[in-house]
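Novice: Okay, here's what each chain looks like letter by letter:
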Amino acid sequence: MTHYSVSMNESDALVQSQFQEIRRGSIVIAVLSLMQSPQYGYALLEELNDAGIEVEANTLYPLLRRLEKQGWLSAEWTTDEARPRKYYRTSDEGKRALGLLTDEWRMLTDRLMRLVGDRSET
Amino acid sequence: MTTMLKERYIAAALDHVPAEQRDEVRAEIRAAIDEMVDQRIEAGEPGDIATEHVLNELGDPAKLAASYQDRPRYLIGPGWYPAYIAFLKMILGIVLPLIVVVTLLVGLAVDDKSLSGAIGDAVGAVFTTALQVGFWVTLGFAVAERVVGPEMPSKNEGRWTVADLPEAPKARQITLGGVLPDIIAMIVVAVLALLQSAKGIGIIVRSGPESAMELPLINPDLGLGWQIVFFALVALSIVGPIARYVTGFWTRRVVLLELADSALWIAYILILAVSVPIVNPEFAERVDEGATWWKTGDTANIAIAIVVILISVQTAWEAWQGYREYRRVYEGTSGGHLTAPASDDG
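Protein chains in written order, with numbering that gives the first Met the number 0: chain A, 0 to 121; chain B, 0 to 345.
Treat each hint with caution, since some may be false.
Claimed, not checked - Simulated restraints, written as ranges between beta carbons of each label pair:
| id | chain 1 | residue 1 | chain 2 | residue 2 | range |
| --- | --- | --- | --- | --- | --- |
| 1 | B | Asn55 | A | Glu46 | 18 to 28 Å |
| 2 | B | Arg21 | A | Leu111 | 21 to 31 Å |
| 3 | A | Leu111 | B | Phe126 | 48 to 58 Å |
| 4 | A | Asn8 | B | Ala18 | 37 to 47 Å |
| 5 | B | Leu74 | A | Arg65 | 41 to 51 Å |
| 6 | A | Leu114 | B | Ile84 | 39 to 49 Å |
| 7 | B | Asn55 | A | Gln17 | 33 to 43 Å |
| 8 | B | Lys88 | A | Asp91 | 33 to 43 Å |
| 9 | B | Asp22 | A | Ser36 | 42 to 52 Å |
| 10 | B | Ser66 | A | Ile21 | 45 to 55 Å |
Hints are computed from structural coordinates only; laboratory data are not their basis. All C-beta atoms in this analysis are idealised placements derived from N, C-alpha and C, irrespective of residue type, glycine included.
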């Protein structure tokens, strides 16, 4: 068996980047779920962070635009306030996607937990 | 001050956005910054400090701009890269040797340059050509990736199957069709040379509208020793392809034989060039008289030397390529499904 020696810092960095990979997909689910009522970007960011889902502004804003472009969010600029603000809400298509993604996430978690649980017992 | 920072940030980000998306991305980024700044001001931060914080939080404007786009941020992605490298190698492998030969020939024959001058030209030409080829091939692939998509079209609509495997290696590398022209050409040369030395048959030269006479092509003063070496080389050049065909592969022995054959021919023609002209001087004179664009005083001899050297270099190159293919594909695959030759180098 090959033993790779990785320094503590390096190994931490690897774990961090793996965390990011796991989180990447979860944010879409969180966003689609929270956007069932119209929200603007920053309010969503705060709500996410309050819910313990950490996401940076420079990740969230481009993500909102991407979801809008692929039709999962609908967006509207409001001009009645002092500054133009963009309000998003989950579209019907987005709701359908949310259902499917949530099912997939749940299934994956169940399977993974069963697998991890089996391992830790033996 | 704060507006300036904000506007500078937006401008820096938009630098990396294609013109047609700029208005849209500008509105997005501006709204995002405003939202974030407002929030901080509401929480009691002074405006300019809030702006600074927000911009630091958003980070590198180039990266932010990039994440707003769906364009790839690389020139050639993994889907196209292998084909790109293979194509580049193939094109350079064909074009660069060709450029060397053409520049040398044109430099020496047409422009009357010295050998060192011609070699300098060739080196320069190789450099510029490699740059040009590299640039245009890269551009072509980068454009193709953006037009066609990140995956190269394949025979089976994307999914790899065994049908995409390269052709199985052939049972033999060297075919009869590949060696027969070489053998026939050398036999023709041998027969012509034999007739020439036996009967003095030459080429019909018209010196006027009425009179025609026969001139031996090869210098009658070429000593017996030179002639014997000549026929020995011709024999070697017939034995080579036969040995190659019998072996069936570019094994090391076959390749060494071809390389030796090429080297001996080049040596022979170069030594002749500085000692005895191979072409009948009388005939060479006629050639020079007839030559319209290339009068060197010794056109016929130089032409023959160039042809011999080119053929030899080409043969050596082919042998080397064959050897590389042999090493890559056939060697070490003894037995099994491949009809591999018994390795001849131990």
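Novice: Cβ-Cβ distance between B/Asp22 and A/Ser36: within 42 to 52 Å?
Specialist: violated (29 Å)
Novice: Does the Cβ pair A/Asn8, B/Ala18 satisfy 37 to 47 Å?
Specialist: Holds: the Cβ-Cβ distance is about 43 Å, inside 37 to 47 Å.
Novice: Could you check the hint for me, namely that B/Asn55 and A/Glu46 are 18 to 28 Å apart, CB to CB?
Specialist: holds (23 Å)
Novice: How does the Cβ-Cβ distance of B/Arg21 and A/Leu111 compare with 21 to 31 Å: does it lie in that range?
Specialist: This hint is violated: roughly 44 Å between Cβ atoms.
Novice: Taking the CB of B/Asn55 and the CB of A/Gln17, does the distance hold inside 33 to 43 Å?
Specialist: Since the Cβ atoms of B/Asn55 and A/Gln17 sit about 26 Å apart, the hinted range of 33 to 43 Å is violated.
Novice: Quick one: are A/Leu111 and B/Phe126 within 48 to 58 Å, going by C-beta?
Specialist: holds (57 Å)
Novice: Just to be sure I understand the hint, the distance between the Cβ atoms of B/Ser66 and A/Ile21 should be within 45 to 55 Å; is that true here?
Specialist: violated (19 Å)
Novice: Go ahead and decide if the range 39 to 49 Å is satisfied by the Cβ distance of A/Leu114 to B/Ile84.
Specialist: holds (40 Å)
Novice: Cβ-Cβ distance between B/Leu74 and A/Arg65: within 41 to 51 Å?
Specialist: Taking Cβ atoms as reference, B/Leu74 and A/Arg65 lie about 23 Å apart, which means the hint is violated.
Novice: Against the range 33 to 43 Å, how does the distance between the Cβ atoms of B/Lys88 and A/Asp91 compare: consistent or not?
Specialist: violated (52 Å)
The structure fails to meet hints 2, 5, 7, 8, 9, 10 from the earlier list, while all remaining hints are met.
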